[in-house]
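Undergrad: As they're listed, the protein sequences go chains A and B.
For what it's worth, this note's numbering labels the leading residue of the first sequence as 1, then goes sequentially.
For what it's worth, this note's numbering labels the leading residue of the second sequence as 168, then goes sequentially.
Calculated directly from the structure, the hints in this document are not laboratory data.
Do not rely on the hints blindly, as some may be mistaken.
Straight line, CA to CA, 25 Å or less: simulated SDA-like cross-link-like pairs of lysine to any residue [as the list claims (entries may be wrong)]: (1) Lys10/A with Glu241/B; (2) Lys161/A with Leu252/B; (3) Lys161/A with Cys231/B; (4) Lys159/A with Glu241/B; (5) Lys159/A with Gly232/B.
Over 10 Å on every C-beta distance to chain A, these chain B residues come out as not near it, computed from the model [as the list claims (entries may be wrong)]: (6) Gln205; (7) Glu207; (8) Asn214; (9) Gly216.
Only a predicted model underlies this, so the values are computations on that prediction, with no experimental measurement involved.
We put the CB at the ideal spot given by N, CA and C, even for glycine.
Below, each chain spelled out in residue letters.
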Amino acid sequence: MATVMVQNDKALLSRLHACHVEFVVIGGVCGVLHGVSLVTQDLDICCRLTPENWRRIEAAVKDLHPVHRLTANRLPLELTDDLCSRLDNLYLHTDLGRLDCLGEVRGIGDYTQALNQSIACRLSFGEIRLLDLDALIAAKEAMGREHDLAAVRQLRAIKEKQSRPKV
Amino acid sequence: MWERGGRGSDADGADRASAAWGPRSDRFRVWGGKGLVQPETIIAELNRGYVCPSDAGPAWRAACGYGFDMSQVEDALRWTPEERLEAHQRALDLVLEIATARERARNGDGDGDGAE
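Work out the full structure, taking the sequences as your base and the hints as a guide.
TA: This is how it looks when you write it as structure tokens:
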């Protein structure tokens, strides 16, 4: 039987925010929040690599049947102290969709550098941080995949429009 | 608002075309009225799709030239981030619904949706 595919980015973001996860939204959803019209099928965040932050992420999704989606047997998310101290990334599948938690963004750097190049974004459940336009363009160019470069075209157009004086 | 066999100026035509997409149902009744002839300017506008604004910068033109319907980006830039996220969610739900239906068809486990 086919699985019904679900991806609810707002609900995932709301949970991360409620659990005080330290994160910056990157990737396609970041582009969407800036105004890009392309559809993206996962939520990518850059997060601080501390055991406490991994535990917050685990708490945010623990009732959503989280599994490591890129492991052969889709192992359930069960963090230990040892694992928390050695993790660089988490690629999860949950009942609310895919959530990729990265310790580093290509073209930008680690969480601190991503945070330094982020802007605040107020949503109904609270304020989150996302890469600013220049940083997102740099990250997407560094990724260099076809769909990243397509998004860059829109991001550059958005940047140009926003930097022009309004008549 | 609409007249039989009307031939408005470009500006008139643009106004009427915009009005035709509005929420008032009487506009659609007039639009679909028997024997009414639509102005050529509106027909042309309906057929031509998105036109890059004359004051667009090089990056905007490049995105248009790449083939993006930049009217979607124009709309998104008028919205709040929350509205952008919600619009994206609606589009994503449709994409995932189609992907799920495809997978069901491939697995031969259709539940009868649309097949009866």
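Undergrad: Minimum C-beta separation from Gly216/B to chain A exceeding 10 Å: can you confirm that?
TA: Fine: 15 Å to the nearest Cβ keeps Gly216/B off the interface.
Undergrad: Is Lys159/A within 25 Å of Glu241/B, Cα to Cα?
TA: Distance of about 12 Å is within 25 Å: holds.
Undergrad: Check whether the Cα positions of Lys10/A and Glu241/B lie no farther apart than 25 Å.
TA: The hint holds at about 22 Å.
Undergrad: Check whether the Cα positions of Lys161/A and Cys231/B lie no farther apart than 25 Å.
TA: holds (13 Å)
Undergrad: For Lys161/A and Leu252/B, compute the direct alpha-carbon distance and say whether it is at most 25 Å.
TA: holds (20 Å)
Undergrad: Confirm or reject the statement that Asn214/B sits farther than 10 Å, beta carbon to beta carbon, from all of chain A.
TA: With a cut-off of 10 Å, Asn214/B remains clear of chain A, as the shortest Cβ separation is near 22 Å.
Undergrad: Going by Cβ atoms, does Glu207/B stay more than 10 Å from chain A at every point?
TA: holds (30 Å)
Undergrad: According to the definition I'm using, a residue is off the interface if its beta carbon is farther than 10 Å from all beta carbons of the partner; does Gln205/B meet that for chain A?
TA: Consistent with the label, Gln205/B stays out of reach of chain A, its closest Cβ about 29 Å off (over 10 Å).
Undergrad: Tell me if the straight-line CA distance from Lys159/A to Gly232/B falls inside 25 Å.
TA: holds (17 Å)
The structure meets every hint from the earlier list without exception.
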